[in-house]
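With chain A fixed as given, assemble chain B onto it according to the hints.
From first to last, the protein sequence lines stand for chains A and B. Just so it is clear: in the first sequence, position 142 is 142 by my numbering, and no numbers are missing. Just so it is clear: in the second sequence, position 21 is 21 by my numbering, and no numbers are missing.
Because the hints were derived from the structure by calculation, they are not lab data. One should not assume that every hint holds.
[Claimed, not checked] Some but not every residue of chain B turned toward chain A, in silico, with C-beta under 10 Å: (1) E70; (2) S73; (3) D75; (4) L77; (5) T82; (6) D99.
No experiment lies behind these values; they were computed from the predicted model shown. Using N, Cα and C, we set each Cβ at its ideal position, and we do this for glycine too.
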Amino acid sequence: MMKPEKTQLTLGFSPLTDCAPFVVAKNLGYFEHWGLDVTLQKQNSWATLRDKLHAGVLDAAQMLAPMPIASTLGLGVAPIHVLTPMVLSQNGNGITLSEPLIKELLSVNKIFQLDFPLDAKLLKNVIDYRTQHNQTKLSFATVFPYSCHHYQLKDWLLSGGITFDDVNISVVPPINMVDSMLSGDIDGFCVGGPWNAKAVRGSCGVTVVTSSDIWQDSPEKVLGFLASFAETNPNTVLAICAALKQACNWLDSVPNRFETAVMMSQEGFLGEPLEIITPSLLGSCLTQATLSPRSVPSYNQFATTVDGKDVNNPDVEYGQWLLQKMQDSGQIPDNTETTGCIEGIYRSDIYRQISPLLAKLG
Amino acid sequence: MASIKNKQNLAQSAKNLRILLIDENTHRADLVTAALGDSRYEISHLASPSGTLLKQVDQLQPDIIVIDIESPSRDILESLHTIKNIDPKPVVMFSSEEDTDTINQSIESGVSAYVVGDLEPHRVKPILDAAVARFREFQKLKTELSDTKQQLNSRKNIDQAKRILMKNKNISEDQAFHTMRKTAMDTGQKLDDVAKTIISMFNSL
Numbered sequence: 001m002m003k004p005e006k007t008q009l010t011l012g013f014s015p016l017t018d019c020a021p022f023v024v025a026k027n028l029g030y031f032e033h034w035g036l037d038v039t040l041q042k043q044n045s046w047a048t049l050r051d052k053l054h055a056g057v058l059d060a061a062q063m064l065a066p067m068p069i070a071s072t073l074g075l076g077v078a079p080i081h082v083l084t085p086m087v088l089s090q091n092g093n094g095i096t097l098s099e100p101l102i103k104e105l106l107s108v109n110k111i112f113q114l115d116f117p118l119d120a121k122l123l124k125n126v127i128d129y130r131t132q133h134n135q136t137k138l139s140f141a142t143v144f145p146y147s148c149h150h151y152q153l154k155d156w157l158l159s160g161g162i163t164f165d166d167v168n169i170s171v172v173p174p175i176n177m178v179d180s181m182l183s184g185d186i187d188g189f190c191v192g193g194p195w196n197a198k199a200v201r202g203s204c205g206v207t208v209v210t211s212s213d214i215w216q217d218s219p220e221k222v223l224g225f226l227a228s229f230a231e232t233n234p235n236t237v238l239a240i241c242a243a244l245k246q247a248c249n250w251l252d253s254v255p256n257r258f259e260t261a262v263m264m265s266q267e268g269f270l271g272e273p274l275e276i277i278t279p280s281l282l283g284s285c286l287t288q289a290t291l292s293p294r295s296v297p298s299y300n301q302f303a304t305t306v307d308g309k310d311v312n313n314p315d316v317e318y319g320q321w322l323l324q325k326m327q328d329s330g331q332i333p334d335n336t337e338t339t340g341c342i343e344g345i346y347r348s349d350i351y352r353q354i355s356p357l358l359a360k361l362g
Numbered sequence: 001m002a003s004i005k006n007k008q009n010l011a012q013s014a015k016n017l018r019i020l021l022i023d024e025n026t027h028r029a030d031l032v033t034a035a036l037g038d039s040r041y042e043i044s045h046l047a048s049p050s051g052t053l054l055k056q057v058d059q060l061q062p063d064i065i066v067i068d069i070e071s072p073s074r075d076i077l078e079s080l081h082t083i084k085n086i087d088p089k090p091v092v093m094f095s096s097e098e099d100t101d102t103i104n105q106s107i108e109s110g111v112s113a114y115v116v117g118d119l120e121p122h123r124v125k126p127i128l129d130a131a132v133a134r135f136r137e138f139q140k141l142k143t144e145l146s147d148t149k150q151q152l153n154s155r156k157n158i159d160q161a162k163r164i165l166m167k168n169k170n171i172s173e174d175q176a177f178h179t180m181r182k183t184a185m186d187t188g189q190k191l192d193d194v195a196k197t198i199i200s201m202f203n204s205l
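With the rest of the complex left out, here is chain A (with noise of 0.2 Å):
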């Protein structure tokens, strides 16, 4: 078997239902089997989680898909290159509009009941409505500027017609997206598990879209590190990968992602009970406190698609089309050079060394 170079890690998470491959690992003993000795540090921002990765704090780090480009080009940040050899997971964000927002929504079209997923243009009447009667803009909020989130919720506005200047962008962290529903300081959100779930059982909103009605399965977090430490430590690198995978491959089965809720309830990784983080994890979104939940079988998908393709493989495709997305939302000064930039930043060349290890294992 290789040696990792380094085998003390501190490796950052954030308590998202998504985070579970870490969870797994940890909990299953992944890491050890390869000779790791991972410390999970909990990050509750993902700009801090990002600062630390940069200084070195953080040996690896789970990123939302869009980070490690925003890294190497210096958006926001000194640039600094970070690179991704793995995927982490596909889709798992929702769309939930507050109970109110909904009131209205079924009032301006005159309708009495909502099908799933909502179509925006119905949204988008009611923005008109509050336009032509002088009422304020609709408020809206993602988890950061660099974001699926925030492009998921700009490309679900704009399939009815609504611009980001037809309403207030904000970004709320995922933990206190419920309380600015409930307090009234936002009208809507886009945010992963177990947020959304929540609100529905708060009874505080209702969750009209999941993020593969949005994109169909497209990388929500990804694996980061500095390409300075993947270099000098490339054994480390394919250890930590191929003991994600297994984590990975593990959650794919629906009785092993029940007891994976149970692991992640605790305190220090979500600290949420299980009727919350469940649902998700289970192909289920719920929609209304008082409806049934809807079947979304692909809500979280850590190793293999329900059509059978490979979740992990950060193929360069995916860079190429973030890259384009953040393009699109004018977050890409217009001197930036990004030519062959997203070749170096999405390492499929690395994931494919991976299963050679695996299938030693038998």
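Just chain B now, kept in the frame of chain A:
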């Protein structure tokens, strides 16, 4: 006497710097506020900023924001500049962990923020003084850089416009420059703007 004292107070409050302190630890926040009692800093404390942080920043227009690096609200601050185009403010982050210096090195070249060790009340004032000074220096460098870029661009435009005139009117470089300068003076425009007009006119032909 009373009126003089009032004037002094006014002059002082004009120079006061407003601080927004975001810290879930109310006890620590109280100590910090007490430590700044007789200084030019005016402190507002926010214990659990969920949702209200944006409003607070909007209402208070703080000169400095002080925040625990582990607070989820850091992402809100980070987004103010990116999404809302709000002018960057100096952000002082404090951390109870040991790795403060390392993190500081990695962020110092990029943003208007820096990290200090745990907020000890007696150290707060010097820390804030340093943060304000550093932020001003950083902003000055940034302005200088953008001025220099602007000057370079304007020189490029003038050269290009001169070449266009020389070629199309068959005149010398001196004559081209004089023509442009005269136009600028006659129309009360900047030389750079005249150059831009010439370039765009010839580009559209």
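Quick rundown of the hints versus the structure:
Evaluation of the E70(B) hint against chain A yields a held restraint, the C-beta minimum of about 6 Å falling below 10 Å. Against a cut-off of 10 Å between C-beta atoms, the interface hint on S73(B) holds, since the closest Cβ of chain A lies about 6 Å away. With a least beta-carbon distance of about 5 Å to chain A, the hint placing D75(B) at the interface is held under the 10 Å criterion. Here the hint on L77(B) is kept, as its CB sits about 8 Å from the closest CB of chain A, short of 10 Å.
Given hint, T82(B) at the interface with chain A, holds; its Cβ is 4 Å from that chain's nearest Cβ, closer than 10 Å. About 5 Å separates the beta-carbon of D99(B) from the nearest beta-carbon of chain A, less than 10 Å, and the hint is met.
The structure fails none of the hints (numbered hints given earlier).
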